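Q: The primary structure of each chain is shown beneath.
Protein chains: 2
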Amino acid sequence: MEEKILKEIRAMIPKERILLDLQERYSYSFDASFGEYLPDIVIQPNNAEEISQLIKLANRYLIPVYPRGAATSLSGGPLPVEGGMVLDMSCFKQKLIIDPENLLAIVSPGVITADIHKKAEEAGLFYPPDPSSAHVSTIGGNLLENSSGPKGLKYGTTKEYVIGLEVVTPTGEIIRTGGKTVKNVTGYDLTRLIVGSEGTLGIVTEAILRLIPKPQARRTLLAAFNRLVDSGHTITKILSSGILPAAMELMDNACIRAVENYQPCGLPVDAEALIIIEVDGHPIAVEEEIRKCEALCYEQGATSVRVAKDEAERLEIWNARKMVSPAITQMGPTKISEDATVPRSQIPAMMERLKQIREKYQLNLVVFGHAGDGNLHPNIITDKRNVEEMKRVEDAVSEIFETAVSLGGTLSGEHGIGTLKAPYMEMELGEIGLLMMKKIKQAWDPNNILNPGKIFPKPGQTKVVLT
Amino acid sequence: MEEKILKEIRAMIPKERILLDLQERYSYSFDASFGEYLPDIVIQPNNAEEISQLIKLANRYLIPVYPRGAATSLSGGPLPVEGGMVLDMSCFKQKLIIDPENLLAIVSPGVITADIHKKAEEAGLFYPPDPSSAHVSTIGGNLLENSSGPKGLKYGTTKEYVIGLEVVTPTGEIIRTGGKTVKNVTGYDLTRLIVGSEGTLGIVTEAILRLIPKPQARRTLLAAFNRLVDSGHTITKILSSGILPAAMELMDNACIRAVENYQPCGLPVDAEALIIIEVDGHPIAVEEEIRKCEALCYEQGATSVRVAKDEAERLEIWNARKMVSPAITQMGPTKISEDATVPRSQIPAMMERLKQIREKYQLNLVVFGHAGDGNLHPNIITDKRNVEEMKRVEDAVSEIFETAVSLGGTLSGEHGIGTLKAPYMEMELGEIGLLMMKKIKQAWDPNNILNPGKIFPKPGQTKVVLT
Numbered sequence: 002m003e004e005k006i007l008k009e010i011r012a013m014i015p016k017e018r019i020l021l022d023l024q025e026r027y028s029y030s031f032d033a034s035f036g037e038y039l040p041d042i043v044i045q046p047n048n049a050e051e052i053s054q055l056i057k058l059a060n061r062y063l064i065p066v067y068p069r070g071a072a073t074s075l076s077g078g079p080l081p082v083e084g085g086m087v088l089d090m091s092c093f094k095q096k097l098i099i100d101p102e103n104l105l106a107i108v109s110p111g112v113i114t115a116d117i118h119k120k121a122e123e124a125g126l127f128y129p130p131d132p133s134s135a136h137v138s139t140i141g142g143n144l145l146e147n148s149s150g151p152k153g154l155k156y157g158t159t160k161e162y163v164i165g166l167e168v169v170t171p172t173g174e175i176i177r178t179g180g181k182t183v184k185n186v187t188g189y190d191l192t193r194l195i196v197g198s199e200g201t202l203g204i205v206t207e208a209i210l211r212l213i214p215k216p217q218a219r220r221t222l223l224a225a226f227n228r229l230v231d232s233g234h235t236i237t238k239i240l241s242s243g244i245l246p247a248a249m250e251l252m253d254n255a256c257i258r259a260v261e262n263y264q265p266c267g268l269p270v271d272a273e274a275l276i277i278i279e280v281d282g283h284p285i286a287v288e289e290e291i292r293k294c295e296a297l298c299y300e301q302g303a304t305s306v307r308v309a310k311d312e313a314e315r316l317e318i319w320n321a322r323k324m325v326s327p328a329i330t331q332m333g334p335t336k337i338s339e340d341a342t343v344p345r346s347q348i349p350a351m352m353e354r355l356k357q358i359r360e361k362y363q364l365n366l367v368v369f370g371h372a373g374d375g376n377l378h379p380n381i382i383t384d385k386r387n388v389e390e391m392k393r394v395e396d397a398v399s400e401i402f403e404t405a406v407s408l409g410g411t412l413s414g415e416h417g418i419g420t421l422k423a424p425y426m427e428m429e430l431g432e433i434g435l436l437m438m439k440k441i442k443q444a445w446d447p448n449n450i451l452n453p454g455k456i457f458p459k460p461g462q463t464k465v466v467l468t
Numbered sequence: 002m003e004e005k006i007l008k009e010i011r012a013m014i015p016k017e018r019i020l021l022d023l024q025e026r027y028s029y030s031f032d033a034s035f036g037e038y039l040p041d042i043v044i045q046p047n048n049a050e051e052i053s054q055l056i057k058l059a060n061r062y063l064i065p066v067y068p069r070g071a072a073t074s075l076s077g078g079p080l081p082v083e084g085g086m087v088l089d090m091s092c093f094k095q096k097l098i099i100d101p102e103n104l105l106a107i108v109s110p111g112v113i114t115a116d117i118h119k120k121a122e123e124a125g126l127f128y129p130p131d132p133s134s135a136h137v138s139t140i141g142g143n144l145l146e147n148s149s150g151p152k153g154l155k156y157g158t159t160k161e162y163v164i165g166l167e168v169v170t171p172t173g174e175i176i177r178t179g180g181k182t183v184k185n186v187t188g189y190d191l192t193r194l195i196v197g198s199e200g201t202l203g204i205v206t207e208a209i210l211r212l213i214p215k216p217q218a219r220r221t222l223l224a225a226f227n228r229l230v231d232s233g234h235t236i237t238k239i240l241s242s243g244i245l246p247a248a249m250e251l252m253d254n255a256c257i258r259a260v261e262n263y264q265p266c267g268l269p270v271d272a273e274a275l276i277i278i279e280v281d282g283h284p285i286a287v288e289e290e291i292r293k294c295e296a297l298c299y300e301q302g303a304t305s306v307r308v309a310k311d312e313a314e315r316l317e318i319w320n321a322r323k324m325v326s327p328a329i330t331q332m333g334p335t336k337i338s339e340d341a342t343v344p345r346s347q348i349p350a351m352m353e354r355l356k357q358i359r360e361k362y363q364l365n366l367v368v369f370g371h372a373g374d375g376n377l378h379p380n381i382i383t384d385k386r387n388v389e390e391m392k393r394v395e396d397a398v399s400e401i402f403e404t405a406v407s408l409g410g411t412l413s414g415e416h417g418i419g420t421l422k423a424p425y426m427e428m429e430l431g432e433i434g435l436l437m438m439k440k441i442k443q444a445w446d447p448n449n450i451l452n453p454g455k456i457f458p459k460p461g462q463t464k465v466v467l468t
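For the protein sequence lines, the chains are A and B, in the order given.
Going by our numbering, the first sequence opens with residue 2, and the numbers climb by one from there.
Going by our numbering, the second sequence opens with residue 2, and the numbers climb by one from there.
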């Protein structure tokens, strides 16, 4: 980085929050996805004014800017693919205010999402979005990726809980969108445009989140099936019976085996599928609903159903689900995590197609996910140094995307497009659909400063860039 | 309209769906708000292809295009303020499909919203948004204005139930946004950008709506208070007790009297405020919650609380609320309906300020609204021919907007900006906030064809245009 530019940056930001050493920069070159890209400089801003000044400078010198939370992104969200400046937002975490009267939380972008859960619950309130990484990921990252976790079915996605933002625009202006009211139709909904924009349209410097009263009770069950298709029918039957569970999770046989290998917890390793169902609400309603779910599981052919008797047993069941990611990470050096999402009724078809893809390409493909909202997580365990296998991975990933879209679904339910899915955008959106998005990006970010290289494919780019 | 252009239109649309007579056009010159503007031509398209062709023609000849549903807009949404072409969408209503397996409805824009409610309930499902006009208004109009009604508190706004759209863009291209999955992060959320854009960014030609299982039971109460401030505290107490009612409605004394004058239904005409509370869910939970609400009302000073014993009594209570609009319409020839919305905790302060505004400007101002989500509806009954009074109305409306914003609220909770609130946009959003919206409009609609004259103020426009 030119000395002249550095001098300007040093006038804006205290020295200890500017990282230039190769070693320090190296630790900002990757995230939880794929690929390594070294930034030229890392800055740790802790207020909107600093970010505004940095973005204005970046526009003057045409420096790419990459905002980064805890870097748990599975789609390359924070990767500095064109070098430039990484903004490490994890130090910007001063504010975590619960406003019980208005059922709101007001938070800084670097706050850990699990801390919002905790503070809200202390006030008898509830923030439903709960990505698997919630205990380490920042709320800023969650918002920009719109990552939501298992409760989308009943409670909606992260977006449904963001009603106001303070944002630094791609040209460095500080604006406020939305506000403290659930209802707001004063002009276009910039809040929901920015949430899920993967840091390409603005950097969130404060968010106003909607909270709801904490459900009084919850009950959880784990059901095993010898045939995957039966688990799919169970999910449909439960929903059409008038029950809206807080979560419905699915694990396939490869997943069950991975967890049992990693940390034995008594899962039936011969089952073709496990589902976890959680209902919440009034204690009496919840008791009645979990028993109805149990009966429906057996009716649809479950070989065993275990209803958690107490909180300890409930946590045990969820632990099996939470072990999936660490368990499969142990299976090989490289993990490609997808999140193709299909209409709920297409889950059995999608599972069948994923099985065929696994066989066709001879890959270590495991599937789990949020079955209630059609959001599956096919994961391929591989080794990026194995060039021949990576070629097969690339083709398999292409086929997963094509299958999801052909079943009426989408490339990504919650991980985001980032770098890996960009070549497939046009397949889902069409040329004009993608162009309408690009027009917004160009109108807001004429110098293409904010998170360049994400969402939009490069001209002619038609394949995942794994090899 | 030039004969050459007419000839082209006649080649696109059958003659019987092109209206040119002055008398016919006149009936398209107004909506439920204020002002009359005669369009040059009215066309009744019934498919996306026709609309696409018309919009392309409008771009060639620079003709303003005004989409219109049932014209129940209270902010001037469909008013053809610059003449041109009105698209009457009410004939475009072929599709109303309920997909129970995926909990979805797929609808054409001209479908009446109440018909969606009915069809969904027949399948044991529920579409929560319920604007007062639902029995006549079209879903297309509801979506473009994001009008939501009383259930925003528990169930969120209309926007939360729209997951996919087919849209004709301002340059006449047909695109699809979102899809059939609740989770979708494939690029920017154009769905939520278009919902609430008041027809300035696209014309909806099909929508995919999310449904939820129908609540099994509901209970409703009506409570009277001698002091308005007590009703405000009651609302806060109920929410902080862990109950999330489906609706919490408020009526002030002027409102109660108006209803009793119009159609006597035994309301306490001396009460300073009435609140209606409805809870829904599991029958046992609902019974417990309504009793808790009743007790909390009395604790906070209610003079009477009536819990509906059965569905007939429930409908009687809601009838009092639904009579408000017709009742106040009888009070004078001109009704200015506002929907300033404040954070819930500011409702007592807002009500107090509205009382002061009524006295200061000596106007017939009545207040009712969705107290649970802070969405109040101050209505001024006046006569637009009374120039002196209209001047006072204008000043009072200004002061209502300023008050809402100063209390941390917004100009509009669900009626939209339209023509009347445009001059106040910058006050709430700031110059840059408004500019960011304008950049999207300009990027998408370079010829300013779609619904021009709405949302964005004219240069130098700083006042409501009532006089």
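If you are wondering where the hints come from, they were derived from the structure by calculation, not from laboratory data.
Don't take every hint at face value.
It does not matter which identical chain is meant; a pair holds if it fits inside one copy or across any two.
What the hints assert, rightly or not - The calculated DSBU-like cross-link candidates involving lysine-lysine, where the alpha carbons are at most 30 angstroms apart (straight line), are:
1. LYS293 / LYS120
2. LYS119 / LYS356
3. LYS16 / LYS310
4. LYS440 / LYS361
5. LYS385 / LYS57
6. LYS57 / LYS238
7. LYS336 / LYS238
8. LYS392 / LYS96
9. LYS323 / LYS5
10. LYS459 / LYS323
11. LYS119 / LYS361
12. LYS310 / LYS215
13. LYS96 / LYS57
14. LYS361 / LYS8
15. LYS323 / LYS336
16. LYS16 / LYS392
17. LYS16 / LYS96
18. LYS215 / LYS16
19. LYS215 / LYS57
20. LYS440 / LYS120
21. LYS5 / LYS120
Note that the coordinates shown come from a computational prediction; the quantities given were computed from them, not determined experimentally.
Q: If the cutoff is 30 angstroms on CA atoms, where do LYS16 and LYS96 land: within, between, both or neither? Let me know, please.
A: Answer is within; shortest intra-copy Cα gap is 23 angstroms, inter-copy 62 angstroms.
Q: Should LYS323 paired with LYS336 be assigned to within, between, both, or neither, using CA atoms and 30 angstroms as the limit?
A: within (16 angstroms within a copy, 57 angstroms between copies)
Q: Please work out whether the CA atoms of LYS392 and LYS96 approach to 30 angstroms or closer within one copy, between two copies, in both situations, or in neither?
A: Intra 46 angstroms, inter 45 angstroms, cutoff 30 angstroms: neither.
Q: My question is about LYS336 and LYS238: at a cut-off of 30 angstroms on alpha-carbon distance, are they close within one copy, between copies, both, or neither?
A: Neither: 33 angstroms inside a chain and 49 angstroms across chains, both beyond 30 angstroms.
Q: Checking LYS361 and LYS8: alpha-carbon separation at most 30 angstroms within a copy, between copies, both or neither?
A: neither (56 angstroms within a copy, 58 angstroms between copies)
Q: Taking 30 angstroms as the upper bound on the Cα-Cα distance, should LYS293 and LYS120 be classified as within, between, both, or neither?
A: Between copies only: 26 angstroms across, 33 angstroms inside.
Q: Reference check for the pair LYS215 and LYS16, CA-CA at most 30 angstroms: within, between, both, or neither?
A: Close neither inside one copy (44 angstroms) nor across copies (58 angstroms); limit 30 angstroms.
Q: Given identical chains, is LYS57 near LYS238, meaning Cα to Cα at most 30 angstroms, within a copy, between copies, both, or neither?
A: neither (55 angstroms within a copy, 46 angstroms between copies)
Q: From the Cα coordinates, with 30 angstroms as the cut-off, is the pair LYS16 and LYS392 best called within, between, both, or neither?
A: Neither: 44 angstroms inside a copy, 59 angstroms across copies.
Q: Between the shortest in-copy and the shortest cross-copy C-alpha distance, which are at most 30 angstroms for LYS16 and LYS310: within, between, both, or neither?
A: Intra 55 angstroms, inter 70 angstroms, cutoff 30 angstroms: neither.
Q: 30 angstroms Cα cut-off: does LYS440 pair with LYS361 within a copy, between copies, both or neither?
A: neither (39 angstroms within a copy, 48 angstroms between copies)
Q: Can you tell me if LYS119 and LYS361 fall within 30 angstroms by alpha carbon in one copy, between copies, both or neither?
A: neither (45 angstroms within a copy, 47 angstroms between copies)
Taken one by one, the earlier hints fail for this structure at numbers 2, 3, 4, 5, 6, 7, 8, 9, 10, 11, 14, 16, 18, 19, 20 and 21, listed in ascending order.
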